[in-house]
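J.: Spelled out from the first residue to the last, the chains are:
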Amino acid sequence: MSIAKFPLPDVGEGLTEAEIVSWRVSPGDKVAVNQTICEIETAKSVVELPCPFEGEVSELLVAEGDTVEVGTPIISVVVQGNAPLLSEPDSPANEPEGDTGAEYKLPNLVGYGDSGDVKSRRKRAVNTAPISTAIPVSMVKAAAASDAVMAKPPIRKLAKDLGVDLASVTGTGMHGEITREDVVGSASQASVFKNLTTPQQPSKREERIPVKGVRKAIATAMVKSAFTAPHVSIFVDVDATRTMEYVKRLKSSVDFAGIKVTPLLIMAKAMIWAIRRNPMVNSTWTDKEIIVHNFVNLGIAAATPRGLIVPNIKDADSMNMLELAQAIEQLAATARDGKTTPEEMAEGTITITNIGVFGVDTGTPILNPGEVSIVALGSIRKKPWVVDDEIVVRQITTIGATFDHRVVDGDVASRFVQDVASVIEEPALLLD
Amino acid sequence: MTPATEPMLQLLAPDGSYGVEKEYSRYGEVIDSLGEDQLKTFYRDMARIRRFDQEAIALQRQGQLGLWVPAIGQEAAQIGSGYAVGKNDHIFPSYREHGVAITHGVELMSILKMMRGVNHGGWNPEETRFHLYAIVLGSQVLHAVGYAMGVKLDGKVGTGDLDNDLAVISYFGDGATAEGDVSESLLFAAVNEAPIVFFIQNNQWAISSNITSQTKVPLYRRGEGFGVPGLRVDGNDVLACYAATKIHMDEAREGKGPYLLEALTYRIGAHTTSDDPTKYRDEEEVEYWRQRDPIARFEVFLRRQGVEEDFFEEVAVAGDELAKDIREQTFALPKPPLESIFDNVYSDDHPEINAQRAWLRAYEDQMGGHE
Chain A
5 MSIAKFPLPD VGEGLTEAEI VSWRVSPGDK VAVNQTICEI ETAKSVVELP
55 CPFEGEVSEL LVAEGDTVEV GTPIISVVVQ GNAPLLSEPD SPANEPEGDT
105 GAEYKLPNLV GYGDSGDVKS RRKRAVNTAP ISTAIPVSMV KAAAASDAVM
155 AKPPIRKLAK DLGVDLASVT GTGMHGEITR EDVVGSASQA SVFKNLTTPQ
205 QPSKREERIP VKGVRKAIAT AMVKSAFTAP HVSIFVDVDA TRTMEYVKRL
255 KSSVDFAGIK VTPLLIMAKA MIWAIRRNPM VNSTWTDKEI IVHNFVNLGI
305 AAATPRGLIV PNIKDADSMN MLELAQAIEQ LAATARDGKT TPEEMAEGTI
355 TITNIGVFGV DTGTPILNPG EVSIVALGSI RKKPWVVDDE IVVRQITTIG
405 ATFDHRVVDG DVASRFVQDV ASVIEEPALL LD
Chain B
370 MTPATEPMLQ LLAPDGSYGV EKEYSRYGEV IDSLGEDQLK TFYRDMARIR
420 RFDQEAIALQ RQGQLGLWVP AIGQEAAQIG SGYAVGKNDH IFPSYREHGV
470 AITHGVELMS ILKMMRGVNH GGWNPEETRF HLYAIVLGSQ VLHAVGYAMG
520 VKLDGKVGTG DLDNDLAVIS YFGDGATAEG DVSESLLFAA VNEAPIVFFI
570 QNNQWAISSN ITSQTKVPLY RRGEGFGVPG LRVDGNDVLA CYAATKIHMD
620 EAREGKGPYL LEALTYRIGA HTTSDDPTKY RDEEEVEYWR QRDPIARFEV
670 FLRRQGVEED FFEEVAVAGD ELAKDIREQT FALPKPPLES IFDNVYSDDH
720 PEINAQRAWL RAYEDQMGGH E
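These protein sequence lines map, in sequence, to chains A and B.
If you want my numbering, it's the position in the first sequence, counting the first as 1, plus 4.
If you want my numbering, it's the position in the second sequence, counting the first as 1, plus 369.
Heads up, some of the hints might be wrong.
Said to hold, decoys possible - The calculated lysine to any residue pairs, modelled on SDA-like cross-linking and capped at a C-alpha distance of 25 Å, are:
| id | chain 1 | residue 1 | chain 2 | residue 2 |
| --- | --- | --- | --- | --- |
| 1 | A | 343 | B | 584 |
| 2 | A | 34 | B | 695 |
| 3 | B | 648 | A | 27 |
| 4 | A | 164 | B | 721 |
| 5 | B | 625 | B | 587 |
| 6 | A | 255 | A | 243 |
| 7 | A | 255 | B | 708 |
| 8 | A | 228 | A | 239 |
| 9 | A | 386 | A | 374 |
| 10 | A | 220 | B | 731 |
| 11 | A | 264 | B | 724 |
| 12 | A | 156 | B | 723 |
| 13 | B | 693 | A | 52 |
| 14 | A | 255 | B | 706 |
| 15 | B | 704 | B | 504 |
| 16 | A | 255 | B | 707 |
| 17 | A | 252 | A | 398 |
| 18 | A | 255 | B | 704 |
| 19 | A | 318 | A | 221 |
| 20 | A | 343 | A | 217 |
| 21 | B | 391 | B | 600 |
| 22 | A | 161 | A | 220 |
| 23 | B | 693 | A | 61 |
| 24 | A | 252 | A | 430 |
| 25 | A | 252 | B | 706 |
To be verified - Simulated DEER-style distance windows between Cβ atoms:
| id | chain 1 | residue 1 | chain 2 | residue 2 | range |
| --- | --- | --- | --- | --- | --- |
| 26 | B | 495 | A | 426 | 51 to 61 Å |
| 27 | A | 172 | B | 711 | 28 to 38 Å |
| 28 | B | 711 | A | 224 | 50 to 60 Å |
| 29 | B | 401 | A | 258 | 50 to 60 Å |
| 30 | A | 171 | B | 726 | 17 to 27 Å |
| 31 | A | 368 | B | 708 | 24 to 34 Å |
| 32 | A | 172 | B | 717 | 17 to 27 Å |
| 33 | B | 717 | A | 31 | 30 to 40 Å |
| 34 | A | 45 | B | 656 | 44 to 54 Å |
What the hints assert, rightly or not - From the derived model, a few chain B residues whose C-beta atoms are all more than 12 Å from chain A:
| id | residue |
| --- | --- |
| 35 | 393 |
| 36 | 486 |
| 37 | 500 |
| 38 | 557 |
| 39 | 734 |
| 40 | 736 |
The hints are simulated quantities; they were obtained by calculation from the structure and are not laboratory data.
Beta carbons are placed, not taken as given, at the ideal position from N, Cα and C, and that holds for glycine.
Model the full structure from these sequences, guided by the hints.
T.: What follows is the structure in C-alpha cells.
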C-alpha cells in the first residue's frame, strides 16, 4: 500500500495553470482508473480530469476555487500493492519536506512543460560557429541534355569564386548533381591552400571585436579573480578504471533507467565527499573573515551558445546519487536552452569544470569569483599504468585543481585533491 | 441542424433497418457479397477504435499525451471506407484517421507515440500503404494526387492486372475543402484523369467554424466545376461507406478518373483535447447526432441478422483489455534520445544538421561526457 499523488497535467498544449472548479470526490471515497475526480478551468476550457489510479482518496491537496501551476500535486490516493504508474519524484524541489508520498510521473512532453517559473525569456543567442550553407540535394532532374552540368546557383557561384570549372568536376550528388563538397574538393586539388580546414588568410591585417555582453562579464570576473586571489594549482594522475566500471553498473541498474550517468556525476559526488573531510575548500574570503559553508552549491562550468556560464546545483550535498544525476541533467538542459537565471548562477560555493571533453589532460582553471576552489576533470583514456610492478593498461585521468592561497594552504589543497582522487580510484568509498 | 434534402446513399437507417433504393442498387450488390465474418469485423473494429479513442482522451487528461484528436462518431466512415481500399492502393490521411489506420495494420501505439511526441508516426507507409498523418490542413490531398498521377505515368491503371493496378484515396475534412490545396488537387486530378478518390468526412465543424461558413454548395458537388463527379454517403452507415468506397476505388483503378465522396457524419467530441466545443455549439445538436450513432445502428442490424450476445460481450471485453494494454504501454514508453531530433530531417547527410548534431554532442559531453 502506498500513497500516490496526481500532479496537475497540461491539458491543452502549453498551459501553465488551471483553477480547480469543483471536486467530484472526497477523502475516503473509492476511485477507479479514469473516474472523473474534478473539473478544472484552464485559459482554454473547462475540463474533467480522470483519475490515473485505483484506490481510496486520501486527501484533496487543492481547494475549490484555487488556481495552481501545472505540476502541482492536487490529490493523493491510497493505492494497493505495486502501482505501476508510480515513480520517484523528478526533483526534490517538488516535494515538500517530510513527505513520503510517491508522485505519479508526468512525462516532459516535447514542446511543453515550461512551468512559467522563468518570467522573462531571453532570446537565444545565435550559434555563430561557421557552418556550411549547402542546400540539400535536390530531387529535380536536369531537363537539359545528359552532358549538362547539374549544380545549384550557390554552388555555381562558389565554383566561380574558387576558380573551378564545373565541366571538369564529377558530381557525387543525386543524379550526378555537383555538390558543395565536389567543388571544394576540386578547388583543393588545384590549390592545396584552399580547403575547408585551413581558412583563408583574412584580407584585413587585424579585426576588432567589441568587448561586451557575456565576453565582457567573463573577462571582468576572470581578471578580478586572477588578480585578487593568489592562485595555486596542483595536479594528480589517477586510475579511473573502477569509476568507469561503476558508471557502467549504474547505467544498467533499474533505479537509474533513463537517467544520464557519467564520470562527471561520480566526480561531483567525490568532491562533495572530499569537502566534508576538508571544509576549508568550500568557503569564501571577505578580507575580514573566512566564511566556511556547511552546504555545497556545486557549480558546473558550461560552454553555452551565450558563452561560458557557471550555474550551480543548490545544496548538492543533500542529494543522493540519483537526485544529483537528475539535477546535473536539468542544469545542462536549462543552460543549453539559454534559460539559466541569475539566481541559478549566484551563491556557488565550489566549481567543477569538465575540460576532458575537449581532449586535454588537465589545465589550471581560474577560480569562480567568491569561491576558493575549482576542480578540473581531464580526459579519461587508456594509458600504461604500474600495478604491482607490472605495466598494465588502465583508464587514466588527471585531476587538476586551483585554490585561493589566502584560504587554502598547500596541505589542505593536497589532501582535498587526494581525497577526490581516491574516490575516483575506488568509488566504493562513497558507500561509507 | 442537418443538411437535409440532398440525395444521399444510405443502406442502413438510423434505426438499424436495411434497405436499398433502386438508384443505388449497385451499391447494395456490394453488400450482398459480404459474409458474416466481414460484417463482424466492421463492428469489432468500430468498437475497438472507439474504446481506444476514449482511453487516449483519458491518457491526455492524465498528462501522458501532448494532444489527442478524437474521432468518436466517425467510426463508420473510417472503418467502412478503410476496408474497401484494395491491397495495392495507397491512403493519404489527415490526422484523425485512426479507424482507417487500423484497417491497414497500423499499430495503435504508433499513433499514441506520435501524440506523445516521441516519434513522427513511426509506421512504414511502404508496408501499410497508409501514409503518415498530415497535420498541415489539406496538404495530404496534394500528395495524394501527385502520387496518383505517378501511378498513372507508371502505367499501373486500367491494365486489368489486379495484382499490379492501384488507386489512391485521400482523406480530409470539411474544413480542408476551404483550403486552396484541395481545389488545386481537384483540378490536377481531373485534367490528368488521376486514379484517386477524394474522401471527405464532413463532420460539420472545422474546429469552431460550422460547415455553413465553409461552403455554399453541398460538398459532394464541390468537384463538379473541376470535372470530378461526387456522391453523398451517410457517413454514419458503415455499409454505405464500404460500398461506395469499394465501387469508386475499383473504378479509379480501372482508369475512370477521379471521384469525390462526401461522408456526412458528425464529430461528437472536441476538435482536439485543446478544444472546448461547448463554447460554440448546442448540446441539442450533439444529441441529435448521438441518436444517429454509427455503432449502435450497426449493432441493431447485426442482432437482426442473428448475431448472438456472446459476440458483443466478447468485443466489449476485448475493448477493455485493449484500453488496459495501451495504458500500460504508454506509461512504459521511453524518452527518445535528444539527438534523434536530427535523424529524420533529411534523408541524406546534411552539413548544417551535422554541425548542429556535433555541437549538441560536444555540449552534452562537457556535462559528463567520456562516453
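J.: Give a verdict on every hint.
T.: Verification of the hints:
1. Distance hint between residue 343 of chain A and residue 584 of chain B is unfulfilled; the C-alpha atoms sit about 47 Å from each other, more than 25 Å.
2. Note on residue 34 of chain A and residue 695 of chain B: the hinted pairing holds, with a Cα-Cα distance of about 24 Å set against a maximum of 25 Å.
3. A hinted pair counts as satisfied when its Cα atoms are at most 25 Å apart, and residue 648 of chain B with residue 27 of chain A qualifies at roughly 22 Å.
4. Distance hint between residue 164 of chain A and residue 721 of chain B is fulfilled; the C-alpha atoms sit about 22 Å from each other, no more than 25 Å.
5. The straight-line distance between the Cα atoms of residue 625 of chain B and residue 587 of chain B is roughly 23 Å, inside the 25 Å bound, and the hint therefore holds.
6. For the suggested pair residue 255 of chain A and residue 243 of chain A, the alpha carbons sit about 20 Å apart, so the restraint of at most 25 Å is met.
7. Among the hinted pairs, residue 255 of chain A with residue 708 of chain B is consistent with the structure: their alpha-carbon atoms are about 18 Å apart, no more than 25 Å.
8. At roughly 24 Å between alpha-carbon atoms, residue 228 of chain A and residue 239 of chain A fall within 25 Å of each other, so this suggested pair holds.
9. The straight-line distance between the Cα atoms of residue 386 of chain A and residue 374 of chain A is roughly 36 Å, outside the 25 Å bound, and the hint therefore fails.
10. About 24 Å separates the Cα atoms of residue 220 of chain A and residue 731 of chain B, which keeps this hinted pair within 25 Å; it holds.
11. Proposed proximity of residue 264 of chain A and residue 724 of chain B is supported: the alpha carbons are some 23 Å apart, at most 25 Å.
12. Annotation: proposed proximity of residue 156 of chain A to residue 723 of chain B holds, straight-line Cα distance about 21 Å (limit 25 Å).
13. Simply put, residue 693 of chain B and residue 52 of chain A have alpha-carbon atoms about 20 Å apart, close enough for the 25 Å limit, and the pair holds.
14. Between the alpha carbons of residue 255 of chain A and residue 706 of chain B the distance comes to roughly 15 Å, so the proposed pair stays at or under 25 Å and holds.
15. Taken as a hint, the residue 704 of chain B and residue 504 of chain B pair is honoured in the structure, with Cα atoms around 23 Å apart against an allowance of 25 Å.
16. Our distance criterion of 25 Å between C-alpha atoms is met by residue 255 of chain A and residue 707 of chain B, whose separation comes to about 17 Å.
17. Pair hint residue 252 of chain A plus residue 398 of chain A holds up; C-alpha atoms about 16 Å apart against a cutoff of 25 Å.
18. A distance of roughly 15 Å separates the Cα atoms of residue 255 of chain A and residue 704 of chain B; the hinted pair therefore holds under the 25 Å criterion.
19. Proximity of residue 318 of chain A to residue 221 of chain A is assessed by CA-CA distance (about 22 Å); at most 25 Å being required, the pair is judged to hold.
20. The suggested pairing of residue 343 of chain A with residue 217 of chain A holds, with an alpha-carbon distance near 16 Å, which does not exceed 25 Å.
21. Between residue 391 of chain B and residue 600 of chain B the alpha-carbon distance is near 16 Å, which keeps this suggested pair within the 25 Å criterion.
22. With a C-alpha separation of about 38 Å, the suggested pair residue 161 of chain A and residue 220 of chain A falls outside the 25 Å cut-off, and the hint is violated.
23. Among the hinted pairs, residue 693 of chain B with residue 61 of chain A is consistent with the structure: their alpha-carbon atoms are about 22 Å apart, no more than 25 Å.
24. Proximity of residue 252 of chain A to residue 430 of chain A is assessed by CA-CA distance (about 14 Å); at most 25 Å being required, the pair is judged to hold.
25. Of the supplied pair hints, the one linking residue 252 of chain A and residue 706 of chain B holds, its CA atoms being roughly 18 Å apart against a limit of 25 Å.
26. One distance hint, 51 to 61 Å for the beta-carbon pair residue 495 of chain B and residue 426 of chain A, holds here, with the actual separation near 57 Å.
27. Between residue 172 of chain A and residue 711 of chain B the Cβ separation comes to about 34 Å, which falls inside the hinted range of 28 to 38 Å.
28. A hinted range of 50 to 60 Å is violated for the C-beta pair residue 711 of chain B and residue 224 of chain A, which are about 36 Å apart.
29. For the pair residue 401 of chain B and residue 258 of chain A, the beta carbons lie near 58 Å from each other, so the given range of 50 to 60 Å is met.
30. The given range of 17 to 27 Å is broken by residue 171 of chain A and residue 726 of chain B, whose C-beta atoms sit roughly 35 Å from each other.
31. The hinted range of 24 to 34 Å is satisfied by residue 368 of chain A and residue 708 of chain B, whose Cβ atoms lie roughly 33 Å apart.
32. A C-beta distance of roughly 24 Å is found between residue 172 of chain A and residue 717 of chain B, which places it inside the suggested range of 17 to 27 Å.
33. Distance hint check for residue 717 of chain B and residue 31 of chain A: the Cβ-Cβ separation is about 60 Å, which falls outside the suggested range of 30 to 40 Å.
34. Taking the beta carbon of each, residue 45 of chain A and residue 656 of chain B are about 24 Å apart, not inside 44 to 54 Å as hinted.
35. For residue 393 of chain B, the shortest C-beta to C-beta distance to chain A comes to about 41 Å, beyond the 12 Å cut-off, and the non-interface label holds.
36. Not every CB of chain A is more than 12 Å from the CB of residue 486 of chain B (nearest about 3 Å), against its label as outside the interface.
37. In this structure residue 500 of chain B is separated from chain A by more than 12 Å, as the shortest Cβ-Cβ distance comes to about 17 Å.
38. At roughly 18 Å, the least C-beta separation between residue 557 of chain B and chain A is larger than 12 Å, which holds for a residue marked as non-interface.
39. The Cβ of residue 734 of chain B sits about 4 Å from the closest Cβ of chain A, inside the 12 Å cut-off, so the non-interface label is violated.
40. Remark: the non-interface label on residue 736 of chain B conflicts with the geometry, its nearest Cβ contact in chain A lying 4 Å away (cut-off 12 Å).
This entry does not satisfy hints 1, 9, 22, 28, 30, 33, 34, 36, 39, 40, going by the numbered hints stated previously.
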